[in-house]
Every structure is written in C-alpha cells, then in structure tokens.
Amino acid sequence: MVRLRPGYSESLLDIIERMLDKGIVIDTKIRISIDDIHLVKVRGTIILSSFSAAAKHGIDFPSEVIHETQAWRDLLTKVDCPQCNKMVAREELEEGCPWCGYDMGPS
Amino acid sequence: MEEEEEILEPEKDTQQDSGLAAVIDRVLDKGLVINADIAVSVSGTELLGIKIRAALASFETAAQFGLQFPSGTDMATAAWNEAKIEKEDCPQCSKRVSTEQLLNENCPWCGWISAKAKAIAKAKVTAEYS
Chain D
1 MVRLRPGYSE SLLDIIERML DKGIVIDTKI RISIDDIHLV KVRGTIILSS
51 FSAAAKHGID FPSEVIHETQ AWRDLLTKVD CPQCNKMVAR EELEEGCPWC
101 GYDMGPS
Chain E
1001 MEEEEEILEP EKDTQQDSGL AAVIDRVLDK GLVINADIAV SVSGTELLGI
1051 KIRAALASFE TAAQFGLQFP SGTDMATAAW NEAKIEKEDC PQCSKRVSTE
1101 QLLNENCPWC GWISAKAKAI AKAKVTAEYS
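Each protein sequence line maps, in turn, to chains D and E. For what it's worth, my numbering labels the leading residue of the first sequence as 1, then goes sequentially. For what it's worth, my numbering labels the leading residue of the second sequence as 1001, then goes sequentially.
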C-alpha cells in the first residue's frame, strides 16, 4: 500500500499497517541436537495478518464467521485508490475516485 | 530570585501517527488474524501440538466481519446496529462517518466534501441553469 500524501513520512503505524496488510508468514523448523542426538524438534507455521489480507488469501478464520456481510463483499470487489487509499469498486475508480477525484486516465 | 521566562510555543505534534495508542487503535480497527500450527517433539516423540486460530478486532470491526461473539451477547442493541453501519475515516478530520453520508453529502464534523458529492452538486447547478 503506497501512501502518496505529500509530506507524509513513514511512521511506525504505517510500517505495522503495511506489514499486516501484506501478511506475515513464519514457517519454521527448529532442531536442537547434541552429539548427533536429536533432542528437541519444533515445527511451526505462523501467520499474522490483517483481516483484509487474510480474507483475500483464504486464511482460516476461527469458528464460523458470517461471510454474508458488506465488509466481506467489499474486500472481494473493491480496490485501493492509488491516491487517497480508500477502498473503491473498480468500475467506480475507472470513472474517477468518488473520494478524491483521482483519474486513472485512458485505460 | 530571578527566573527565566519560559516561552510556551505551540509544538507541532509529529508523533501523532506513531504513538502506541494509535498503533493499537489501527490494529484493532483493521483486525488481526493469528494462525499457528506448532509441533514440538522430543527425541522422536511428538509431545506438544499447538493449533491457534485467533482473530483480534474491535467490536465494530468484528461486527462488520460477522465474527462470532460469546453466547449470550445481545446483538439487537442500538450500539451493535450502529457498529454494523459501514464507516470510513474522513480524509480531512479523521472522524468516523458513515460511508454513504461521507461520499454523497459531506463530513458532518469538518464539512469535507468528496469528489463525488462535488460532481453531484455541479450537475445540479448545470441542470438548473439549462
């Protein structure tokens, strides 16, 4: 997610937000052995992500999440406006962003 | 005793975006998914298996994404109905305003007008004069 707002420096908040929006996967295999004797073996896959990234990538949510909400539909149909970063339906964005008036130009 | 006069100058708050409170606020607003499958084995035998499926979010975000609430939660209250309305941050004052109002009218807090609302207003004026 690129912020194009002028004079906007990267803060911790932006870094965390961007990390979670991209999703973090930790896939690890740790083996501790002494003298060729395997003592402890740890195998783990860990995912950290924001709701939107998780939803887009089909990450398992706990228990039964109701998928018939507007928020879920938005995630699958809307894209981020390159200028103001708001979520806008793709067709709407092609006519100009309803938030900031960003024009994609002739496609 | 002479005391140096201190001049209080308004300081620009450059940290407003990165404070701990802001980070927590944003993370809860965006929601956090933590999934993990961990297996620990000691000398060939699997001793410990951990499976985590966790979702962390504010009430509002949880309601919007249809997350499960603990049994006995009364979802018919006014606060829940309010939470289910789609909201966005006003680009100017950052207040949470219903998306529909913000897009089609203006921000009730600071008066910010979206490109769409401007276009609607312009179309109205043109229609009146023609």
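If you are wondering where the hints come from, they were derived from the structure by calculation, not from laboratory data. Be aware that one or more of the hints could be misleading.
[Said to hold, decoys possible] Within a straight-line C-alpha distance of at most 25 Å, the following computed SDA-like cross-link-like pairs (lysine to any residue) qualify: (1) Lys1084/E x Lys41/D; (2) Lys1030/E x Ile66/D; (3) Lys1084/E x Lys29/D; (4) Lys1124/E x Cys100/D; (5) Lys1030/E x Gln83/D; (6) Lys29/D x Gly1049/E; (7) Lys22/D x Lys1124/E; (8) Lys78/D x Ala1036/E; (9) Lys1030/E x Ile37/D; (10) Lys1118/E x Pro1091/E; (11) Lys22/D x Lys1118/E; (12) Lys56/D x Lys1124/E; (13) Lys1095/E x Lys29/D; (14) Lys41/D x Ser1098/E.
Verification of the hints:
no. : hint                  : verdict
1   : Lys1084/E x Lys41/D   : 45 Å, violated
2   : Lys1030/E x Ile66/D   : 17 Å, holds
3   : Lys1084/E x Lys29/D   : 42 Å, violated
4   : Lys1124/E x Cys100/D  : 19 Å, holds
5   : Lys1030/E x Gln83/D   : 20 Å, holds
6   : Lys29/D x Gly1049/E   : 14 Å, holds
7   : Lys22/D x Lys1124/E   : 42 Å, violated
8   : Lys78/D x Ala1036/E   : 28 Å, violated
9   : Lys1030/E x Ile37/D   : 45 Å, violated
10  : Lys1118/E x Pro1091/E : 15 Å, holds
11  : Lys22/D x Lys1118/E   : 34 Å, violated
12  : Lys56/D x Lys1124/E   : 39 Å, violated
13  : Lys1095/E x Lys29/D   : 45 Å, violated
14  : Lys41/D x Ser1098/E   : 51 Å, violated
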